[in-house]
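Residue numbers (this note's numbering), protein chains in the order written: chain Z, 1 to 478; chain V, 1 to 358.
Just so you know, these hints were derived from the structure itself, not from any lab.
Any given hint could turn out to be false.
Partner residues aside, some chain V positions facing chain Z, computed with beta carbon under 10 Å [said to hold, decoys possible]:
| hint | residue |
| --- | --- |
| 1 | E175 |
| 2 | E178 |
| 3 | H237 |
| 4 | E243 |
| 5 | D272 |
With the C-beta cut set under 7 Å, the calculated list includes, among others, these residues of chain Z facing chain V [unchecked claim]:
| hint | residue |
| --- | --- |
| 6 | V16 |
| 7 | N17 |
| 8 | G39 |
| 9 | L40 |
Since we're looking at a predicted model, the values are computed, not measured.
Note that CB positions come from ideal geometry on N, CA and C, so glycine has one too.
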Amino acid sequence: MLHLPILRWGVPYRSVNQVVTPHFRTRQPFVSMSQANVGLIRRDLLKQVEARELLLKIPVAELVKMAGRAAGHFLNDTLPLDPESGTTQTPQQYIEQVSATTGMPFSNVRRNMNKVHGVLDRVEEVLAGLTRGLDLSVLDAGYGTVNGQMLSFFPRTDALGVVLPSNSPGVHSLWAPTPVLKMPLVLKPGSAEPWTPLRIINAWVKAGLPAGVFAYYPADHAGGNEILRSTGRGMVFGDVGSTKRWKAEGGRVEVHGPGYSKVVIGPDLADQWEQYIDVIAESMSNNGGRSCVNASGVWVTKHADKIAEALAKKLTSITPRAADDPDAVLAPFADPETARRISATIDGDMKGESGEARDVSAAVRGSARVASAHGGNYLLPTVIRCDANHPLANREFLFPFASVVEVPASALPDCLGSSLVVTCISSDPAFRARFVASPHVDRLNFGPLSTTQIGWDQPHEGNLFEHLYARRAIQRLA
Amino acid sequence: MPVAVPELDKARTTLDAWVRELMQWHFSPETGCPFWLQWAEKAGWDPRKEIHSYNDLDRFGEFQDEWLRGGPVRRWVPRAFKDQPIYTFETGGSTGVPKSRININDFRTDYELYSKTLPDDKFPRGSDWLMVGPSGPRRLRLAIEHLAQYRGGICFMVDLDPRWVIKLIKMGEMEMMELYKRHVIDQALTLLKAHDNIKCLFTTPKLLEALCEKISLKKAGITGVFCGGTEMTPQFHRFAVEELMEGAEFRPTYGNTLMGLAASPKRRPEDDWAIIYYPPAPRAMIEVVDPDNPTKIVEYGKTGRARLTTLTKEFFMPRFLERDECEREAPCEEFPWDGVRNVRPFSRFQKTVVEGVY
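With the rest of the complex left out, here is chain Z:
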């Protein structure tokens, strides 16, 4: 069985406490992960300053070059997995290992792999988006002159602590550029997806970054909480319940929960809805519907019934396929009970007395929502037609799921609630302006763009640079 070590500021450590994750299909033990105890994490994190000093010695320009090399190593190279046993990992093995513990089809893993590669390869462009084009060499001295104006930034922390999810490797692109910002990383991987963060670390190290700037702690919830508590700035991925505590801290920890992303068709283009079915279906189903940027709501002012029907028909083509099928979209659930539980939650909400809801997909598909195939349990794409006040109108699940809701144009966008991504399909400047003014929309797409389409130069889900650095006033006697 494979073993993944703890990395204690780059030094591999095999714990007495191991947690075994099975292969989603065979349920046989697949990988054993060394687990870090809380005391060990606390003790290591007393050395954050030393880790940061390693990065302070390296100019930003050199870190940018390393990021480019790391991108290539991540995508193409055989990298170490467990130095103690000498186990290594080829790119194909990486894809198969992620698939084995998460259920994701190879094609989805490969797409996410390219996403992580992209963010490292184009790190200058990404960071320019985050900093509005700031010359990052200002971080080398701590201050500098940009366009004739003196600027200075100070770090808000000595390391970034990140508690990671298991749903999709793409989310790792959010923190992958951190070393370029001269900030050490303390990572707690998701229990089913420990592979990507470890591979990113090993790619960075192969590119020349000192291993001592990375701490990697597979651990339980207490370990994750300790990482967030002991680092000055953090990032956490999880559901509403598990992240509530950190949200209450008011920004020290950046919370990445459900996205509640949506596609909206404005009244001016409502009658042309048929043209947008493909982009809505893509927004729902890209990456198996597992991302926070996947659309879970379609809000329109007219033709909701027809849109729901057409969308359900379109999505029937997405069926369970083998993990290595290049056309596979859906990911089975590593824990078979999860699929049944999610489906039961949807059915339970539909039977509730909170307004009318109809599973449009059920009639179109003619089969149950939960399907067993290729040794896994899948949830088939589901389109619900319901009122705006129904509990399912604003829900998100880990599979292609969306509710189609019809509201008066005047109610938009206020009725949407908090939304990570909104694709606003409208040519009406006044209607668009209301979305621009909304404080509840994190990322806004104008026109028929998939909610999952990422612009490298656009900050997504918070701004990493602003999370790690604050600007200070500075003046100098000429």
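Since the structure of chain Z is already known, use the hints to place chain V on it.
Just chain V now, with coordinates in the frame of chain Z:
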């Protein structure tokens, strides 16, 4: 090393004889406590006549947790001790109303026996102790002080209320919990700096970690650490020995108000840092039983639920099912009776037991 059969037989013979003696004690009107005398009356059989060995104690059935929750606590005082000063000690109180156990001298006896297992070079006689652990109504507070005094030392104390810690965790007041922990550790540091003769420390795993974040045990002059009070994992065991002790002796312990104090055997590489304990037989026995059939003891190395039987003249508690699970450990040379390995909260209980930082 396997234990020779005569040693096992001798331990068993001693245990059986002790059980017979205790039956006479606890079920005679001149010496027994009201609870057990009334119990025997209702049961309609006389344990003095019908219990001949340790195995016969199964006839009592399972000891009910609820019997120890609430009063009157004097029903547990054996008539023979009615004029003695009585202590009452409470369990941690992680779950609901705490259980109470009366005590006269048991805690002293248990810790005097345990003292024999401590190496004098690491827990020097005449040196002072620092106790940073649960205080208040818990037995540990007096027991550690007695251990220190028994070994010729003085015990310095820091207050710690674990129930407040549990409450803070349940309220989600993690920062407040950290502040309380810091308050406890600050007091410990002050005492260590002020008293050079403190060489022995009792504390809990989490407080040990917190203390070692602030000081080097070696520089503070600590040569022996006696650690317990909450669950301890093999990984913590390794971490403590390899990274916190700096040459000091680490003695993990498993003790509770109801049993007394279990000792650890010498550490062996093949145990891979497992935490192994042996009860203070014949004063207490721990067995590992099938959770679905608690009269059936599991095979050596197999997992089951811990079942405790306490056998002292002050307190008789047969077949009590603990809220813990563990593996059954074979007898060893030092302890020729059953032990337990890697005690941890019983996984079948849905309700999470908050143990906190103490």
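Right, here's what the structure says about each hint:
no.: 1; hint: E175; result: holds, 9 Å
no.: 2; hint: E178; result: holds, 8 Å
no.: 3; hint: H237; result: holds, 8 Å
no.: 4; hint: E243; result: holds, 7 Å
no.: 5; hint: D272; result: holds, 6 Å
no.: 6; hint: V16; result: holds, 4 Å
no.: 7; hint: N17; result: holds, 4 Å
no.: 8; hint: G39; result: holds, 4 Å
no.: 9; hint: L40; result: holds, 5 Å
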